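Given chain A, put chains B and C in place with the hints provided.
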Amino acid sequence: MSSTMPMQEYISPGHMACPGCGAVLAMRYILNVLGEKTVVVIPASCWSVIDGVFPYSAVRVPLFHTAFETAASVASGIKAGLDIQGDTETTVLAFAGDGATFDIGFQALSGAAERNEDFIYVCYDNEAYMNTGVQRSSATPYGAWTTTTPVRHPKDRPKKRILEIMAAHEIPYAATASIAYPDDLSAKVKKAKGIYGTKFLHIFSPCPTGWKSKSSQIIKIARLAVHTKVFPLYEVENGFTFHINMEPKNIPVREYLKLQGRFAHLSEEDIADIQRQVDEEWEHLLKRALY
Amino acid sequence: MIKVMIGNHAVSYGVMLSRVQVIPAYPITPQTSIVEELSEFCADGHLNARFIKVESEHSAMACCIGASAAGARTFTATSSQGLALMHEMLHWATGARLPIVMANVNRALGPPWNIWNDQTDSLSQRDTGWLQFYCESNQEVLDTVIQSFKISEEVLLPTMLVLDAFFLSHTAEAVDVPDAQDVDRYLPRYQARYRLDVDNPHSFGNLATPEYYQGFRNKIQDDMIRARTVAKKADEDFESIFHRSYGFTEAYQCEGADLILVTSGTVVSTSRIVIDELRKEGRKVGLLKIRMFRPFPFDDVIGALKDAKKVAVLDRAISFGHSGIFAQEIMSAMYNQPSKPLIYSYITGLGGLDVTPRIITDIINDACERDIPPQESIWIGGKS
Amino acid sequence: MGKQITFDKKEDLPLVTSSFESMAWNKTGDWRYLKPIFQDKTPPCNNSCPAGEDVQGYLYLAQKKKYKEAWNLIKEENPLPAVCGRACMHPCEDSCNRGEFDEPINISAIERFLADNAIKQGYILPPIKRKKKKEKIAIIGSGPAGLSCAYQLKRIGYQVTIFEALPALGGMLRIGIPDYRLPKDILEHEIDTILELGIQIQTKARIDKETIAKDMKDFHAIFIATGCHKSIRLGIAGGDSRSVISGLDFLKDIHFGKKVPLGKKVAVIGGGNTAIDTARLALRLGAKPFILYRRTPAEMPAIKSEVIQAENEGIEISYLTAPTRIISKGNRVTALECVKNRTGPPDSSGNKTLIEIKDSHFPIEVDNIISAIGEIPDISILPEEVDLENRLIVTDESLKTTMNGVFAGGDVKSPLRSIAHAIGSGKRAAIAIDRYLKAKTLEDVMDTIRIGDGPGLSMRSYLQRDDPSRRKTKQVVRYKDINIDYFEQKPRHAVKTLSIEERVSSKKEVHLGFPCETALQEAGRCFNCGVCNHCDNCYIFCSDLAVIKHKGKTRNTIDYDHCKGCGVCIEECPRDAMYMEREEK
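Protein chains in written order, with this note's numbering: chain A, 1 to 291; chain B, 1 to 384; chain C, 1 to 585.
The set of hints was computed from the structure by calculation and includes no laboratory data. Keep in mind that the hints are not guaranteed to be accurate.
Said to hold, decoys possible - Which chain A residues face chain B? A few, computed with CB under 8 Å, are given here:
1. P62
2. A75
3. Q85
4. G86
As the structure is a computational prediction, the values presented were derived from the model and not from experiment. Ideal placement from N, C-alpha and C gives every residue a C-beta, glycine not left out.
In isolation and in its complexed conformation, chain A is listed as follows (with noise of 0.2 Å):
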């Protein structure tokens, strides 16, 4: 990595984002691919509330605040509208939290998905309700804290594997990738760019406010996330063709779950079973990535 980010910016300073937020991040490394011809659809999120008030604007782009669960449905429509219009260079960008994709959005995406809208749609998972205050939601992983899952009762069922439902749509190119690698991460978008279709990007986004972490880690955690195997980079084309972007460096989970207070609660047993979890789940995707 090196300067090799261009000098122009599309979102200001001046931002409403905590600070520390991954989700401006993921936002900045795809405007700066993706440049001014881009349209981007904000649903319910933080990203809401990041981009700032009326008549103020964060983003440098035409961009649409819409309801929760229509991130997928709003972008197809402006896309058809603009290329109606005799539009068709135009970038249609979904951009949406993992509430907005995992949960209520997702019968949006699916049908959105299934019909092959040409549009990218990136999922920022910050793995539960930021904006609403840390409730989890489908995206929340096993043993977390939430708001709504108290370290009584954390999390019992593992995150949706969303990446893998979305490849079964047999779109033509869906990756994760992780604001701690933004060359990774460009390079998928300037892929996804040149793809007609659905594109769907499910981009890390570590939230040091609902992950109780320090604001100054996110790129650390993001990081150690990828090498632990907790959040593997790699990408799926056409439904069926794994690549794994990045070999992990394969670091006990303990070493990413203890810089977050949200895991704060895991006993000796749980971190054990997490591992197990984690390294059935890579078993899973290497047998994919392989066939």
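Just chains B and C now, with coordinates in the frame of chain A:
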């Protein structure tokens, strides 16, 4: 060109002639033949539009919102449960000031399952900020589609035109299909005043502080009120080209009437015959058709009803715990008038119950016989 | 930036909530309670270089293929990079943080590459534009300390004369380091670049207390750097035998072309560089030398890599072995009696005490004995006013002796005897003399010119030729401060060496040096500890868009109006070139 067509196809033709650009739609009985026909038009190239087969009505409206925000002329159609599912996005379309036009085929809401005519679905959306037109004939349906775009695009508010399930949607009538060039003259290409434009980037719908929020809401109301003037002009312009006009309301045999029946949709046609019969018997009865429900045509309604002694409102919907919805609206319109009629609320025709001349006659007779309207609505027909 | 807009009336509002101005008006800097600050710190290599080289600085320039600028940077601090690239014990590599990650950077080989490249390309360090000064300074001794001092004083503008007892300049560099380690043409080239500045020299000018008193009255200051040229005698029975050669004399004699008759079996006694060099030189003269050292390998003061090379060449080293008696037949040495030692607990100096193993005496047949157990200064030449302690000249921090106007440095003053220490002390003396002649103290500038908490001083800082805004703090960056996630393990590039056969049959240089490509790759391994190298992580990972990039080489700055103080930039700086400061609100 005169064509015999069902009401749903009249919608489809109106949409085609309006040169709609994006049509997201999800099927629901009895709306289906609207979108089926449109998909044919698109497939055949009669209509150069993107037809998006969304996975739900909620997405249909969301998709309309996206397309309209991008500056495209946008249409969808639905019914009943579908409209109810859209509810959230109906508000969004209004707040975003998007001139989307939608046809709603009035159908009952479940449970129990019932696919027949009932106005509860559209009247439940009364406060979403959509203009609402209730149509009586297939011709009116086609013409109202075209007029709706004209009005919506001027006031930047969405319009819902409403037609009765089966009585219109699946009933064939002779319809004078306007000439496409004439429609183009009446309704030129849509030029959005606000749109998602990469050359002039704006962000739409950001958080607004209470002061601004109330200001924006006030502006919606301002434009709703302005929509009366705009709709009047649109109707007049329409008449000058196509020699047909509809007004906001239609007063039938109301001069000197002691009792005026107020209703909407296809019941109006049946009522006309009943009124004619009763007039022949020398009874002083009249009929007021409400076509435009939002914005509410206060002046027309007051003008038509102020001299009557009694008004009987026939509602094909009920606001549970209160009364018929049209009845409430009429009562509130008349309340501050120095001379006002007694207003009776009748509920009938729910779930597709056939509103026969007999039922209409019973309503008129009942209203004539009662000196004072009861507090609760009077249910007529069926098992009520 | 960041226009603020208000709509007074409903009529002024647009119909739609369309936003068209940026959020930059919103000064989110108010949220901050910790403030990130760009601040370079001292890299450990710089900190440990006694010569005061900006090691990281030239490695960085080398990474950018700016070989000339890299060489200039060394040359400003040290006039002898080609010498140091070969013969320095490179403490920089011992302290290199990369050593804890994989292996230290091969700094000496890169230094040598840069210096050899400069010779090949004929680079000349651009002179400093300074007024010629009238003050004259005498430098006694032309070893690394004397040369360094003369060089720096001359650059500042003083009139400098070097007095050298031997026929040629270089001191221990010339006589103490054999050609296979430091070819004479290289040494001479670098000495020439110093003399070319316009330094007067007097060779074969042996100075003593009388000449200092009489002949040096004209000089405004004197720097004594006469080194340690007297060998310690072997204090054992028969140790004064004529057939016991001093290691230093042996090296000197060979250098000046004298024939030294050697037998086959040559015992070299000692564990310093002289011992190793002596043995290896004897090997090249056809002998079969071996080394006896009374302590353990860990305590051996010689440069480790040189010890390894000696062993590779087949020279056997017997540790914990001390000679006790020389057995002679007439004038000829025939054997050396030795005893085996074992180690006891460490003494007050930290060295392990040695305990003779009873009845372990044994004889070794020898033809020659070379004693290289250490050198001491020749104090007989010094004036009485110059105080001594442990046979070394006493000075203060500024290298002032007890005699007014007389300074001393290098081996004659310090027990830390290395080329780099000597070069550093020459530079320190030059600065101290400049201060002295301006009637100012060295102490006043020490804070500015001292590199970290280490021994070296920066001439660039002294002459204010560096960017004051980029001066490093004294804090030395340690391995724990490095964000190793940004580095991949890569093995150190080793320098190629001559084959053993070629070595023993010639006096050719053993180390072959780096080709350009290898030097570039090796420099690329550098962490750049504590010094911003424009990796831009701070910019890339700033979610507040509050790190501002500037055109060209200008360092990034922070927009404190908007920085919320999350600290990501600090955490993700791979090299600890930033810090956080608590902010009072």
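So, going through the hints one by one against the coordinates:
1. P62: 4 Å, holds
2. A75: The hint holds - A:A75 has a Cβ within 8 Å of chain B, the shortest such distance being about 6 Å.
3. Q85: 6 Å, holds
4. G86: At about 11 Å, which exceeds the 8 Å cut-off, the nearest Cβ of chain B leaves the hint on A:G86 violated.
Comparing the model with each earlier hint shows a violation of hint 4 alone; every other hint is respected.
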